[in-house]
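Protein chains in written order, with my numbering: chain A, 9 to 336; chain B, 829 to 1081; chain C, 47 to 259.
If a hint is listed, it holds; no wrong ones were tucked in.
For each label pair, taking beta carbons as the anchor points, the in silico distance ranges come out as:
#: 1; chain 1: B; residue 1: Arg977; chain 2: A; residue 2: Asn26; range: 50 to 60 Å
#: 2; chain 1: C; residue 1: Thr128; chain 2: B; residue 2: Asp895; range: 22 to 32 Å
#: 3; chain 1: C; residue 1: Thr187; chain 2: B; residue 2: Pro1042; range: 48 to 58 Å
#: 4; chain 1: C; residue 1: Asn71; chain 2: A; residue 2: Gly23; range: 37 to 47 Å
#: 5; chain 1: B; residue 1: Asn1040; chain 2: A; residue 2: Ser184; range: 41 to 51 Å
#: 6; chain 1: C; residue 1: Ser191; chain 2: B; residue 2: Glu920; range: 48 to 58 Å
#: 7; chain 1: C; residue 1: Asn71; chain 2: B; residue 2: Thr943; range: 39 to 49 Å
#: 8; chain 1: C; residue 1: Asp220; chain 2: A; residue 2: Ala33; range: 38 to 48 Å
#: 9; chain 1: B; residue 1: Asp895; chain 2: A; residue 2: Asp124; range: 44 to 54 Å
Don't read these hints as lab results, they were simulated from the structure.
Being a predicted model, the structure only gives us computed values, none of them experimental.
Every residue, glycine too, gets a C-beta built ideally from N, C-alpha and C.
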Amino acid sequence: MYGGGNTFEHIKSNGLENEDPEKLAQFEARIERGEKIEPNDWMPQLYRKQLIRMIEQHAHSEIIGALPEGTWITRAPGFKRKLALMAKVQDEVGHAQLLYSAAETLGKSREQMIDDLINGKSKYSNIFNYPAFTWADSCFISWLVDAGAIVNQLANARGSYGPYCRALDRICAEESFHLKYGHHCVIHMAAGTEKQREMMQAAINRWWPPMMHFFGPSDKISVHSEILMRWKVKMGSNDDMRNQFLDMYVPKIWEIGFTIPDENLRKNEVTGRWEYTEPDWEEFKRVINGDGPCNKERLAVRRTAEERGRWVREALLAPKTEYVAPLA
Amino acid sequence: MMTNTEALKELIYKMADDQLILGHRNSEWTGFGPLLEEDIAFSSMAQDKVGQSYALYQILNDLGEGDPDTVAFMRNADQFHNSQLVELPNGEYDFSLVRHFLFDTAEAIRFQMLTNCSHEPLAQLANKIKGELRYHTMHADIWIKQLGRATEESVSKLQDSLDRLIPYAIGVFEPSPMEDQIIEDKIFEGEGKLRQQWEEAILVVISKTSLNLPDLSLVKPVYGGRVGQHTEHLQPLLDEMSEVFKIDPTADW
Amino acid sequence: MASLRCHFYLITYMESLDPRVNRLNLSTTELTSKAPLDQLGTYEVFSQLKEDKPYFHVGPVHAPNCEMAFLFAKEQFSRRQTCTGLFVVETRNIKVSVFTEGEDTVYNYISNPGELANGNTESFELFHLKKRGKQHEYIGTIEASSAEVALSMVKSEFINDKPVYNIWIIKTSDIESSQDEDKIIWDTLPDKKFRDAIAYKAADKIKEFKERQ
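Excised from the complex, chain A in its bound form (with noise of 0.2 Å):
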């Protein structure tokens, strides 16, 4: 689960005019056509680079988002839910699995992009570092901030890296059930006793805020990556995005009767866009740069995880086997 929006924030120079301009025009000419990039094809310095961590961010944005979720796998209410908690954020570390894999194609090993999530290196999306304190929550999360991803990931299959395509096809085709799960998990609190439409209204209203982060910074405060998608890496603006999700979602929340806590949330009939109220940034800045309510646990779990799996790992590394990238 990704929302993309912060992963473009830092390109400097574009380091093209290092670049051989006839074999750039092809590429840049196979990409216009629409036809994929597959890993041994040429690229840009600057293409592979931004696309490993766009692709190892949405990895790492998997692994951390089965920790919010999970923490309700052991303590779901009734056989349904708690087989079907199980399976989401199962495939939550498969699409991990698969994004890795996506990542590898283009150079860089699955060991050293964990290492750089546990030291801190690599981010991931900012939405979990906060903490999913009731049943309510992880239902919010497992029908909204999956539908933000779900956003995000139509549009990046579409982009130009092949194998990025490949792992999203799939990943798309699991989130299904995902948003359905989702969706009928908070349709069944909002139909049910008093109790449990106020465990949801809290929940939402604690995940709004976070929730308007996940697209990343507005447009007009972000580094404009014109190249990016003129390369068919970034799909769409943060604000085409996040617009995309209110629209489609909004209305959906307001249905069942829950009330969104932004007075100045409302779709401009003019312009068909929505309006809101400015999401603070600063605080956006603050949690993705490690000051959140949980970034200190999401990371000592995925370390304590990696330490105490080492003895494994090097019980089937006897006899040594050779690393290779893989091949699609």
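Following the hints, complete the assembly by docking chains B and C onto the known chain A.
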């Protein structure tokens, strides 16, 4: 029509409780596994177990017991009939792997025997899930063989867990007071026969490793689980499992 | 405009909301010495969705050997979709051709069959990439003395067909596949409705809710 549904229900309860508790324990590894691919595989098997327990509680429901959610989420520890083996808290991965190996080997044989059960729904279920169990035992065998011969550390860890878990594993075969009835009614060939086949099966795998199996005839089994006597670990597990459900057991979640 | 505040700063560090996490006894040190990179081998996975359909490449797994690669592949690539067969092969054992695009087929770059080599032949499996961005598809088996010879043997068959953009060719003996008796491991997949989007019908509940208002 069964002359003695009590014996049948007793058998199904202990199987369902075993599957539920072990599936629950194994789901605690989701997201924390030693390797992504293995995390995914272990989670699938946990789901299979919980799914199997759900199917078994449904058979019980058809025999007059409560609905599965209530039966699973509202009973207290002394009303559960799982073996103590499955309620022990997860240790390191060696602990969970060894438990998976010991339990799943028995479970596969048990369900194989149950394909001939005189109670049709149970026989049908046993037939249906053969494939799942085949994967579970394949998985366990491959892992035990791999880690049981790999490094000094892996062998010693596995050996420790094996030594610790064997008495509890034999506790799975705690004979029922209605054992004779069960055999006579052709519900099941009995814990004795099951234990025998299990001992042969685990020996086959262990002998391919550097691990040692103690003389099983000398091991004092840990009994009690089948009659509601449990370790201090079960009630906290149940409390956790039912935490949200109990907010309002009548609610539709 | 007032900006929204987040109401999350209530929990103390290391006391998690997740009971499973609390049982992990998280290490509290921030810095860890750099772990030596431990890398497992790479295996490509192929699956067959239905009896009469060809095998397709679905993705890679990391594993220490073929047996484990198969175990992992089964759950990673066939836990949600029924499948009738699965196989894995070490990535290193796949020979890859050049990539082409547009109207240009890879077979333009395959040499014509020269003298057929004498001596031992073995079996090779051939896969085509028919569209960039899609997956490699199983085409057939060829008996030849080497992968290169195998390709030149089939060149005439494909050179005038629709373009092939990439070829994978694998020695049959390098493949670790599911056996017929293993097919039952996929038996209960269709029953796992809790993983199907279609099992989550919400329309009635929404209707019920609206009627109550």
